[in-house]
Amino acid sequence: MDFFLRELSREDVPTINTWRNDPALIGMLGAAFRYVSEAVDFKWFEGYLANRANAVRLAICEQKTSTLIGAVYLLDIDWVHRSAEFGLWIGDKASQGQGAGRFATRAMLAHAFQDLNLHRVHLTVHVHNEHAIALYEKSGFLTEGTLRQALFKNGQFIDMRCMAVLAEDYRRALLVTSEAVYNLASKRSAKTK
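Residues 1 to 193 (my numbering) are what the sequence shown spells out, left to right.
Calculated from the structure, these hints are not laboratory results. No false leads were slipped in.
Derived pair list, reagent style EDC-like, types lysine to aspartate or glutamate, alpha-carbon separation capped at 20 Å: (1) Lys64 x Asp12; (2) Lys43 x Glu11; (3) Lys93 x Glu62; (4) Lys43 x Asp76; (5) Lys93 x Asp2; (6) Lys64 x Glu11; (7) Lys93 x Asp22; (8) Lys64 x Asp2; (9) Lys64 x Asp92; (10) Lys153 x Asp22; (11) Lys43 x Glu7; (12) Lys43 x Asp12; (13) Lys138 x Glu168; (14) Lys64 x Glu7; (15) Lys138 x Asp169; (16) Lys93 x Glu130; (17) Lys93 x Asp12; (18) Lys153 x Glu130; (19) Lys138 x Glu85.
Quick list of the computed label-pair ranges, beta carbon to beta carbon: (20) Asp159 x Ala53: 29 to 37 Å; (21) Gln149 x Lys64: 39 to 47 Å; (22) Ala39 x Asp159: 33 to 41 Å; (23) Gly27 x Thr143: 20 to 28 Å; (24) Gly155 x Ala107: 35 to 43 Å; (25) Gly145 x Asp2: 33 to 41 Å.
Ideal Cβ positions, reconstructed from N, Cα and C, are used throughout, including at glycine.
Given these sequences and hints, build the entire structure.
In structure tokens, the structure reads:
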């Protein structure tokens, strides 16, 4: 499947509201489950528009149909310290595990470090969300610590893992990937001669 990113729009709010009212979907995220009306989500979207200078909220869409399947965020951008908090969710259950999270994470990190000139992108993740942790590690995030019993979910307190990626880590990983692709292409070219 191929994907693309675009800024969230007012038309996306009803779909996002459906996702936010799904306890199973919210279960592995860092937010507590709460029933949320569409009116509240429209106000949330208006708040985003008013604070666009310090946040980037992008829709993840399936390429062929332009269907909204998830969202990826940079929040609380601090332009002095050049840092931001990262957030990701794939709300369309049929699109989970299809590479959309990997695509969106890498595209947003490229935007953060190459376009916005950020220095640090950090996140917290539910310690039992093994798929997300694996994705973040493959994308260059390193574990910085644990927030013990920081989240209350399903009647119990759960730890949150703190992770971050620095611009220098991102650029180093990008160079290694580029070098590996170059070396692979060189080997293939040598074999055909």
